[in-house]
Amino acid sequence: MNAVARDIHAQLSAVTRIFPGAGNQPPVNALGPIDLDLRKGEFFAIVGPSGCGKSTFLEVLAGLQRPTAGTVTFEGKPVSGEVAEGIGVVFQEDASFPWLTVWDNAAFGLRRSGVADAEVRRRVDDALAFMGLKDFARAYPSQLSGGMRQRVCISRTLVLQPRLILLDEPFGALDAQTRLLMGDEVLRLWRSTGATVLLITHALDEAAMLADRVGAMSARPGRFIEIIDTGWPRERDSKIVAEPAFGEITGRLWDRLRGESLKALGHAGMTTTAAG
Amino acid sequence: MTRVGLIRLAVIVAMIGALELACQTGLIRHQTIIAPSEMATSLYALLASGAINADIERTLGIIVIVIAVSIALGFALGLVIHALPRLREALDPLFATYYAVPIFIFYPVLIAIFGLSPIPIVLIGVATAVVAMIIATLNGLDRVPRVLTKVARVHRLDAVTAAMTLQLPAAAPYLFTGVKLSVSYGFIAVIAAEFILSPAGLGRDIADAYSDFNNRRMYALILFLLIVATVVNTVLHALDVRWAERRSGGRT
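As you go down the protein sequences, you meet chains F and P in turn. So that you can map any letter, position 89 of the first sequence is 89 in my numbering, and since no number is skipped, the others follow by simple counting. If you count the second sequence from 1, you need to add 1000 to reach my numbering.
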């Protein structure tokens, strides 16, 4: 195995996802063909217009959906229809369990994977402390804000020590300030775990701030129209939004995505005008 | 006690007080309704004498069996029907109209088949209560957030573990509604069946007291059933409120 191959953590090759049409409707070509090499330890973000297949991409990579064609590998092993060990997923929807305390929510996966009680306690306590939830360990999710509930879900993923963390618009339901702060949390988590992170987001600024590379996706069927290298240092936080480069990256992303967003909205005719 | 609880208690006390006053002043004839205080003393005397112990044991025993069978069977059938969409499509109209059919018309048929034993009462009780549990189970499973199915797959849970650790707790509030309805229907069906035709039981006892114009005994037994049903429903309500607070309690 050469150095480049060793550096690849997950790979999608010529992946497509076509959903069968309901009733007499034609099939929906949701994704691809798409290729991507995710490098070990990188932070990769995907942005694109609504309905372009971002979440489908994540679910195919996670193993939650089978690709219609093409191959997906994680750490060199094929992924298809089953979530591989080492992959953690945080969803946009509130996936906390309202019947369990914050502590028990975080411990859920560990308890089902046969980890010794002492180790469960250690990892859960560490994760809650890391996510700033230590004082809420005995609270129920209903007693927490939306951002805190999302942190509970991240803690539940974190304790399993995933090597690839997939975040599907995890801050979609949060206000702008909370999202910036949650972005800092995710950057901190990424640096401390060394995991590879793939973030799906509709917020260009979020992608530009967090990621090493940002993939801009076309309107459906989703394909990468450009992958932008942000060039941020590993040690960074939300203060980089004040950097001139941040504005340049966000502007470039919007330049690539404006036409695609109009297409997604059904204003294909305006694309030409917009593009000049 | 909360303010709402105090108001509720005050309303009940006022109604009992008004009835007591109406009975004591002769506004309501003694042959029609006896005073609540008289009902209470009659009930105390009946319980102290042990004269109705066997009937209490029999009736409450049957009710417990009816409720347990209805909940377990209703839940199991709900799971199966939910997993089979075509079957559900076929059964949905039946469930929607089930309680429009007077199920009690089958009671004589059941007596003809099983005789004057507790079996027809149990069957009519289960037939009355089980559908409420099936509907509640279907309702609950419909409302399990889809994201939990994905979470189960991310945690690589098998179908049974996912059902027991995620789907069942997520559906629990709706299932509990089914439990409460099953308890209510169970009580009503068993007492009514005993009242219509049964060799023993509290329902039979009330019917006999009614036929004998024995108002003191009849109202004492009615009061006993009211107390039991109220206590059971209060406990269930308290549990429901407690769980609901956990799920949607005030934010910090």
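Do not rely on the hints blindly, as some may be mistaken.
Here are the simulated lysine-lysine pairs, DSBU-like style, with alpha carbons at most 30 Å apart [to be verified]:
hint	chain 1	residue 1	chain 2	residue 2
1	F	40	P	1150
2	P	1180	F	77
3	F	40	F	77
4	F	263	F	134
5	F	40	F	263
6	P	1150	F	134
Quick caveat, the hints were computed from the structure, so don't treat them as lab data.
Hints and how they fare:
1. 40/F to 1150/P: 25 Å, holds
2. 1180/P to 77/F: 51 Å, violated
3. 40/F to 77/F: 15 Å, holds
4. 263/F to 134/F: 46 Å, violated
5. 40/F to 263/F: 34 Å, violated
6. 1150/P to 134/F: Given that 30 Å is the threshold and the Cα spacing comes to 27 Å, the pair holds.
Comparing the model with each numbered hint stated earlier shows that hints 2, 4 and 5 do not hold.
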